[in-house]
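Number of protein chains: 4
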Amino acid sequence: MIVGVLGLGYWGPNLVRNFLAHSEVSKVIGCDTRNDRLKFIAARFPSVELINECNKLMEGEADIVVIATPVDTHYKLAKKALENGKHIWVEKPFTSTSAEAEELIELAERKNLKIFVDHTFIYNGAVIKMKELVDKGELGNVLYFDSERINLGLFQRDVNVVWDLAPHDISIMNYILPKHEVVAVSTNGIANFNGSENLAHLCVQFKQNTFAHFHVNWVSPVKIRRMIVGGDKKMLVYDDMEVMEKIKVYDSGVDFDTTESIHQALVQYRVGDMFSPKINATEALALGAQEFISAIQENRVPLTSGQDGLDVVRILEASDKSIRNNGEIVELDSSVLI
Amino acid sequence: MIVGVLGLGYWGPNLVRNFLAHSEVSKVIGCDTRNDRLKFIAARFPSVELINECNKLMEGEADIVVIATPVDTHYKLAKKALENGKHIWVEKPFTSTSAEAEELIELAERKNLKIFVDHTFIYNGAVIKMKELVDKGELGNVLYFDSERINLGLFQRDVNVVWDLAPHDISIMNYILPKHEVVAVSTNGIANFNGSENLAHLCVQFKQNTFAHFHVNWVSPVKIRRMIVGGDKKMLVYDDMEVMEKIKVYDSGVDFDTTESIHQALVQYRVGDMFSPKINATEALALGAQEFISAIQENRVPLTSGQDGLDVVRILEASDKSIRNNGEIVELDSSVLI
Amino acid sequence: MIVGVLGLGYWGPNLVRNFLAHSEVSKVIGCDTRNDRLKFIAARFPSVELINECNKLMEGEADIVVIATPVDTHYKLAKKALENGKHIWVEKPFTSTSAEAEELIELAERKNLKIFVDHTFIYNGAVIKMKELVDKGELGNVLYFDSERINLGLFQRDVNVVWDLAPHDISIMNYILPKHEVVAVSTNGIANFNGSENLAHLCVQFKQNTFAHFHVNWVSPVKIRRMIVGGDKKMLVYDDMEVMEKIKVYDSGVDFDTTESIHQALVQYRVGDMFSPKINATEALALGAQEFISAIQENRVPLTSGQDGLDVVRILEASDKSIRNNGEIVELDSSVLI
Amino acid sequence: MIVGVLGLGYWGPNLVRNFLAHSEVSKVIGCDTRNDRLKFIAARFPSVELINECNKLMEGEADIVVIATPVDTHYKLAKKALENGKHIWVEKPFTSTSAEAEELIELAERKNLKIFVDHTFIYNGAVIKMKELVDKGELGNVLYFDSERINLGLFQRDVNVVWDLAPHDISIMNYILPKHEVVAVSTNGIANFNGSENLAHLCVQFKQNTFAHFHVNWVSPVKIRRMIVGGDKKMLVYDDMEVMEKIKVYDSGVDFDTTESIHQALVQYRVGDMFSPKINATEALALGAQEFISAIQENRVPLTSGQDGLDVVRILEASDKSIRNNGEIVELDSSVLI
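Residue numbers (the working numbering), protein chains in the order written: chain A, 1 to 338; chain B, 1001 to 1338; chain C, 2001 to 2338; chain D, 3001 to 3338.
The shape of chain A in the complex, shown without the other chains:
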């Protein structure tokens, strides 16, 4: 299989390296209009074929086109690649609007091509372990999902901090809680520097008895990447900055007596045992590349598909509407949600 990578910026070398290492990939073609990025790749990966014209890649021999360019170019480039019969891998967020995402999904289906959206954390060992623990009922019923992703960030020209950082966390939430239906979103934030928001809090309401919250922030000298999944049996904390113990699972220590109303009960202060499972350290991007190539070969939808990309974009759109209206609650159009 031949893979063409469009956009050789910050993330490009990682994409090139992982596709090069895949046994089913016979050739990697890199494409960027910036000469210094082509030189950078040439020095590190001499076997990569390099071109500086996007059209050549689109019309060439590549089976897969990887789109690693700014968000506002995703739709146009993805459409062109699909029209040229290529399977596409698109960096997150999938598109700038849900309408674009829907059109691409439809086009790919019509041409029997596959779309992979690079929600890379879905292939991260810690997230896979979270999914496994939630699926087998270790936590009981999930009461809340809390996520914090804050650091010093690259201020983006066009998108705010929600579009930049939250796709990671929303995709994880959707993966962990697949049966939970988002009904409404409320986002509050601030643009401290007269541009787009650099800090935001996104609250999500579900049809189910569950709540989610996301804190994203570009202005923090300390990097915090932490998730809490609170269940009525156990609670899980995933701290991505921990070297040794990324996931800790705590017994809730609460005897929720359902026969009498819980809010009248005196909740005991007992804290129970804690457990920290071993995490698989395989690079997420290698597993992602593997999944996409397998999905193409087996003619099936990949784990992180266009639909998953669309689900995230819908929440980002609702968040935008909410933040423009001072945090008002914005319902997701249930007619389009599956």
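For the record, the hints were derived by calculation from the structure and aren't laboratory data.
Being a predicted model, the structure only gives us computed values, none of them experimental.
Among the hints, a few may not be true.
Below 30 Å or equal to it, Euclidean Cα-Cα: the simulated DSSO-like pairs (lysine-lysine) are [as the list claims (entries may be wrong)]: (1) Lys2056/C with Lys2027/C; (2) Lys1278/B with Lys3207/D; (3) Lys233/A with Lys2278/C; (4) Lys2223/C with Lys3179/D.
Got chain A sorted already, so can you dock chains B, C and D onto it with the hints?
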């Protein structure tokens, strides 16, 4: 000075102990209708005079009445004590409504009596250090204030988690950022157990270029008590669960170049030095008792006055209105705000 | 039962408080020659009878005499108390020499009196949990025991840092590994300030295939209290400075193939799961007081007896000899070891 | 400059990569007798010339020969390379005996060739920061140096855990404390698996008022890499497993009153401020390669020279003698020490 403590529950023994230890206090009277609580105090503090009738305390020799009873009784008891010429110490939150708080403040002023609201964290060594660092400009302009207070909590019958836990954090915010004017509040939350909310996120907008957020939660087996104050020069993290390093101050590491628009700038990923100051370990309650007694002797308003109690209650009221309306933004009536 | 506490210094108030709280104790008598210490106790514990003459306590009504005075006075005071028919509680280390300890044990046996040596960590929830885990074979065979206890310390006039701090850790080792026989000791250290050693490393060799090491240090601004028990199945880390997770148990992750020589095997770098059990938070001193009073009532040897005190003193003596001879290995006289 | 790398095992690819990236290196030649290792390098670094005969490398065009083979082959290979006029880079430990090291140093001097011993931590950002802080007197007089390096390790056939792990830490000690003269060594350890020692404690005495201790251990599922440098003004803790705060510097908080003997003084329990400096994240191996190539070009001794390698080997030899004699103190022959 003679101090009467009304309500000898969870917090009562700490109040008794600290007033007993104060050199200006000649006698402590404890009052509760529950015999087991009277016995408990008698065993530990044999010198305390114990009575089981509230009226006796109100009409007796006490100079100060300490009100450590459920919130919905504060107003009635505080009013009676003031009418009987007593200075009052009231546990947080001050009252159930801002109208009650206003009436008590007016009454106390008329009778030249002092009100102390027990925002106990204002006397905590770490909070005092935070205040000192912010006041001397170490952090630069404050961009955001983020607070998290989650643990397994006593579910209250009448109040939700915001009224139970957030007064601590809101009082700290008001103390740290005295010149910041709160203009609106938006609160989202969930009542997982069919009672009042057990988890909530409170977002606060200011007239100034600053944002605040509070996460309060009764259903977490892990206790997290963490505050972040983000400035454009430095960022401060206060982790109350840390034994050795409660406060850490990080250089922001960002060169905010004001001559070109910041959101177009490439923010560098540099993270600078970190500094963790020594914290005074004196018990907050001892310092609080000292402050109140000094304020009475010097005929001045104490550091945590009725007005401070009112400021917190106003935000709690707005939060209630917002949470009942699905997180809608609720403006604080600026005419009543000073 | 009547308890007399001799020596009301740093540890005295804790002893008084815990005996006062015990249901079988009808009276506590405190004794010190220093008037300020008597006043200190009187203010906090008005029900304690206070005297300033040791002889009165020895000849009085007390059933138990608690000896909380400097080490070099233990023997004389303990002997006098036993001769007066009192059961004795002695702070650690038991005595200044093993000969003294042996004489006291013999005397107590002859008079059917009980000796309790206050190895207080044996009643600590974390140590009890360690013991339980080792006893039920969770760790497999114990390969090593490593202890670190460093902080800013009170420099003692007469004893070095080993006598001051190591008794805690040696008593824990003896408790955790009761079937292990110490055969030799080697201690290296330094006296940075021209007095007795303020830093030392004590290495212990056993008859069994196990090794122990103790680092004690008075000159460290950071308090470290950490133990590692390494087994061939699992490894346990006990960090007493941790608030939430004092004990962590790690799967060793090593497949020790016994059929081929282990030192030729390639040990895999796999690290397995981790588990952190809930720890009982009951105050150790309360459990110690309970144990001693029960042992007297049941006419049996308490869990931390004179013999346990002697076992620790023998290692301290050997350590002294080793440190005076530049760390030379000192064998414990096996004829006197039980 | 042409660099030949002899031995393409675990560390080999890192060496190849860093020399390839150096602007003064025109070609890298890799040499190993194992075909799978040659293939591994060919796949990742296509520009490297690969050969499977050591002699060809020795007699070929290389200016520098990098020796990354087992310790017991270092001497023979290094000698051959020097005789062929090559500068040599040798992995740690330099040689198996001090006699070998001395011979190589003399040979290199005679032929005006340079020896670089790869004490790689000397080029690590955290160690460079430690050196800087000690040199400018931040810690005051250094009272002790304590090092712990424990993890699951590859059991070596020929060398024990001291030879495998301690060279890192001894080289750091020598670098940090260059004016301190080691006079004697005492090492205790255990071979739990009937081979060479897998756990050891090495104590070092100096002519100066300073003490050092090293704990090395191959049987720990938790990786601990921690150093403490205790001074009479401040104390520094270097924890290599920390992501954000590798170095912490604590005020000692002790008022050492020199007018009266310190061991009689009551040391206060105050703990002062803490400071954690920013650490340079440049890869140590890149800085090492840069240093060696500069030293050759400038015809000077590199920072980690043959003499530094010899200083470490002497301590390892003394440690071996001590451990064979049950921890007896072994003096370093002062006549050969510079």
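Cross-check of the supplied hints:
1. The hinted pair formed by Lys2056/C and Lys2027/C meets the criterion: a straight-line CA distance of about 15 Å does not exceed 30 Å.
2. The hinted pair formed by Lys1278/B and Lys3207/D fails the criterion: a straight-line CA distance of about 36 Å is larger than 30 Å.
3. Between Lys233/A and Lys2278/C the CA atoms are separated by roughly 16 Å; this keeps the pair inside 30 Å, and the hint holds.
4. For the proposed pair Lys2223/C and Lys3179/D, the alpha carbon gap of about 29 Å is at most 30 Å, so the pair holds.
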